[in-house]
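Asks: Chains as they are written, first to last, in the working numbering: chain A, 1 to 245; chain B, 1001 to 1164.
No wet-lab data here; the hints were simulated from the structure.
Warning: the hint list may mix true and false statements.
Far from chain B, by Cβ distances over 12 Å, these chain A residues were calculated [to be verified]:
(1) Gly72
(2) Gln88
(3) Asp146
(4) Pro161
(5) Glu170
(6) Leu188
(7) Lys210
(8) His214
(9) Gln223
(10) Lys226
(11) Gly242
Simulated crosslink set (SDA-like; lysine to any residue; CA at most 20 Å straight-line) [said to hold, decoys possible]:
(12) Lys65/A / Gln1061/B
(13) Lys38/A / Tyr181/A
(14) Lys1079/B / Ser1125/B
(15) Lys1114/B / Val1130/B
(16) Lys52/A / Leu1112/B
(17) Lys226/A / Arg245/A
(18) Lys1114/B / Cys1144/B
(19) Lys65/A / Gly1041/B
(20) Lys110/A / Val91/A
(21) Lys65/A / Ala1059/B
(22) Lys1079/B / Val1109/B
(23) Lys38/A / Gly1041/B
(24) Lys90/A / Val1109/B
(25) Lys1114/B / Gly199/A
(26) Lys226/A / Gly242/A
(27) Lys1114/B / Thr198/A
(28) Lys110/A / Lys1035/B
(29) Lys207/A / Tyr1040/B
(30) Lys221/A / Arg245/A
(31) Lys38/A / Gly1038/B
(32) Lys1114/B / Pro94/A
(33) Lys52/A / Ser1125/B
(34) Lys38/A / Glu1039/B
(35) Lys1105/B / His1095/B
(36) Lys207/A / Leu188/A
(37) Lys110/A / Phe1127/B
(38) Lys65/A / Gly1060/B
(39) Lys1105/B / Leu1092/B
(40) Lys1079/B / Gln1119/B
Keep in mind it's a predicted model, so treat the numbers as computed, not measured.
Using N, Cα and C, we set each Cβ at its ideal position, and we do this for glycine too.
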Amino acid sequence: MMTRRDLFRIGGKMLVLASVGATLEEITGAAPASEAYKMADHWWGMLIDIDKCIGCGNCVRACSKENNVPNGYFRTWVERYEVPEEGQPKVESPDGAMNGFPLPAPANVKSFFVPKLCNHCADSPCVQVCPVGATFLSPDGVVLVDQTYCLGCRYCVQACPYGCRFLNPETNTADKCTLCYHRITQGLTTACCENCPTGARQLVDFKNPKDPIHEFLRHNKVQVLKPYMATEPKVKYHDLDGAVR
Amino acid sequence: MRRFLQDWAHLLLPAGVLIAGLGVFLVIRAAVVPKSFGEYGHYRGAALEMIRQKPVSYAGQDMCVMCHDDQAKVKAAGKHATVHCEACHGPLAKHAEDPAANVPKLPDVAVLCKRCHEQDPAKPSWFPQVVTAEHSGGMKCTECHQPHSPHIATEADAGSGRGK
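Bound-form chain B, shown alone (with noise of 0.2 Å):
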């Protein structure tokens, strides 16, 4: 029996080892693995909401419309009734915020209106283009159109039933 403890004896200590290495483990991995992990998938959950808390900066047409319904409506019947207000103006979270305390820059013409309009094969057939310079003879694009409603009426728009 003393004999049979002797040849144990010599185990314990591994023994121990190994029991006290787990609980280390146990505690580091406790402390080092983010609670959410894991709660949806192989992932920190809380990374979720983390990264919706980031801030908007654009407001998004709905809101500019709340405010400003003059140029919205003369938009919404033009031809850039599909353009956002922002996509011109630019960001302007801020100033939905705080209108008076950010009061937006107009928008540069001479880059803006090119941007989109000049002619470019790449660019669908059905999107009215122009070689601006040769179109606008280096006057500014918003001395004849009017940016929120910029459809000119011609000759050709009688009876064709092109809008504004």
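Bound conformation, chain A alone (with noise of 0.2 Å):
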């Protein structure tokens, strides 16, 4: 049974916290923008072309690596579908296909990879549903977690339809793909990006018209995952089975 001062004991700990949380942000938050990055001239998110995809899991192995992901967890993955021609199918990613995938499929049903991450929803329920403000939508389009100001109350990972975040075990606060901010925000590529071999994933920015994404959606014919779902995923499939999910 909580008592009355117990609960003044717990609310003024979480003051104390908050406040020093607040301090902590004017001393980290000191830095000065960094130059020339307009965040109004960017639009990120994401093309996969499935028929380049050959499951080596570089994607994952470089995502884990650059963002210090906590072994077991994933910000990308790549699944591997097989898909019969009646019934269920069958869908495996051996640790998350951190070193691809071992053992090949069987050759006599149609089989293909998919890289996951998260979609970076222009309206995403996972912003909604956060009490605090600690995840958000970037004024460029990608969906971020506030560390510091993260509760770890997991709403969020309840209600992303995709399953793109966990609740890190070292930090105890929300934690998925960032689409490598620190560095799509100084002219780099996403690790994920710079370390697929075969350009199955292409980091884009609809915002820039040169950038060949629009030359490609002139051409090609594009999906999202769970479209039903209303989110406006601005991660783009090209060659996307029907089986996926």
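Quick one: dock chain against chain with the hints and give me the complex.
Replies: Here it is, written out as structure tokens:
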């Protein structure tokens, strides 16, 4: 049974913590805004070409190393689908495909790889459910988590229709793909795209008129995952099979 | 008149409490809500800058090319042109910053090539694949293939226009 005294005690601790957080932000947030990059000029997303993915897992390893993702958790992963003509597809992702797929798929059914990551939805349920404004869509179109502000309540983990979020056991805060925000805002591509050997993953900037994505979209049919969720994903898939969920 | 004041007097205390409460609320709110909250939306604007400060592990191929012209040229002309340096060599941002202090280990060929080239029906059919155990006869892939330009010319190449 919680007494009123307990309540005040906990409340007081939270107040102190919160003001420490606020002071922290004044210290850490004091760095000058990095030069040249203008958020208003970008609208980030990704193009994934299923017909180019070889399931090597380079993206998963690269993401993990670039972002210090804890073992057993994934900001991106690769699934292998085996889709029989009738019946349920079989989906595998051994250790997120961290080491690729050591065992080959059977030769007698249709099979292919599907890389997954946060879809950086323009209208995302994860952002809507956050009670404290710790997760948000940045002005340049990236769904991010403010680690210093997140309470770890997991509402967003539940809300994501794509299973792209997890609670980081080291920080006890929600964690997810940042689209390598620290890289793309200084002119580099994401770690997964940098390490994709076939160009199956490509970072795209929908606001950049020179981005090859515009030419690609004019000539190719693309799809997003779970379009019926109306979350407006910005990760587009080329050559996606109807069996993929 | 006196009577009137008397009636109102007992309201002054709750009013005072309310105003004091509001004051305390505003003071706490000012202390607790971060300055940049609401700068761009319902979140801490400074979080964006904080996330941008994270260090980079993969320098990117453009970086490697500046110093390793030889390998870069060979690779660009061969079949591994689309495979970036760090896809095989691993994250080398520290090496790119200070090459002498962080000399990289060379990749372990036994696991490296397999991961991409082991036969799997799930791989797109255009991608060159081999059953590595049979194909290599247990030899290291690099005994026969140059990692930066792996194609081995065969008779079938003559006239077929296949690259290096």
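Asks: Hint by hint, note whether the structure agrees.
Replies: Comparing the hints with the structure gives:
1. Gly72: holds (20 Å)
2. Gln88: At roughly 17 Å from the nearest Cβ of chain B, Gln88/A sits farther out than 12 Å, so the non-interface label holds.
3. Asp146: violated (4 Å)
4. Pro161: Holds, because the least Cβ-Cβ distance between Pro161/A and chain B comes to about 21 Å, which exceeds 12 Å.
5. Glu170: Holds: least Cβ distance 15 Å, greater than 12 Å.
6. Leu188: Non-interface label fails for Leu188/A: nearest chain B Cβ at 5 Å, not farther than 12 Å.
7. Lys210: Nearest chain B Cβ is 17 Å from Lys210/A, so the label holds.
8. His214: holds (21 Å)
9. Gln223: Its Cβ never comes within 12 Å of chain B, the nearest being 18 Å, so this holds.
10. Lys226: Answer for Lys226/A: holds, closest chain B Cβ roughly 22 Å.
11. Gly242: holds (17 Å)
12. Lys65/A / Gln1061/B: holds (17 Å)
13. Lys38/A / Tyr181/A: holds (13 Å)
14. Lys1079/B / Ser1125/B: holds (16 Å)
15. Lys1114/B / Val1130/B: holds (9 Å)
16. Lys52/A / Leu1112/B: OK: Lys52/A and Leu1112/B at ~19 Å, within 20 Å.
17. Lys226/A / Arg245/A: holds (7 Å)
18. Lys1114/B / Cys1144/B: Since the Cα atoms of Lys1114/B and Cys1144/B sit roughly 15 Å apart, the hinted pair holds (cutoff 20 Å).
19. Lys65/A / Gly1041/B: Status violated; Cα separation ~31 Å.
20. Lys110/A / Val91/A: holds (12 Å)
21. Lys65/A / Ala1059/B: Judged against 20 Å, a Cα distance of about 12 Å means the pair holds.
22. Lys1079/B / Val1109/B: holds (17 Å)
23. Lys38/A / Gly1041/B: It holds: about 17 Å lies between the C-alpha atoms, which stays within 20 Å.
24. Lys90/A / Val1109/B: This hinted pair is violated, its Cα atoms lying about 31 Å apart.
25. Lys1114/B / Gly199/A: Given that 20 Å is the threshold and the Cα spacing comes to 19 Å, the pair holds.
26. Lys226/A / Gly242/A: holds (10 Å)
27. Lys1114/B / Thr198/A: holds (15 Å)
28. Lys110/A / Lys1035/B: violated (55 Å)
29. Lys207/A / Tyr1040/B: holds (19 Å)
30. Lys221/A / Arg245/A: holds (18 Å)
31. Lys38/A / Gly1038/B: holds (18 Å)
32. Lys1114/B / Pro94/A: Holds, because 16 Å separates the two Cα atoms, which is no more than 20 Å.
33. Lys52/A / Ser1125/B: holds (10 Å)
34. Lys38/A / Glu1039/B: holds (15 Å)
35. Lys1105/B / His1095/B: holds (11 Å)
36. Lys207/A / Leu188/A: Satisfied, since the Cα-Cα distance of roughly 17 Å is no more than 20 Å.
37. Lys110/A / Phe1127/B: holds (16 Å)
38. Lys65/A / Gly1060/B: holds (14 Å)
39. Lys1105/B / Leu1092/B: holds (10 Å)
40. Lys1079/B / Gln1119/B: Holds - the C-alpha atoms of Gln1119/B and Lys1079/B are around 18 Å apart, at most 20 Å.
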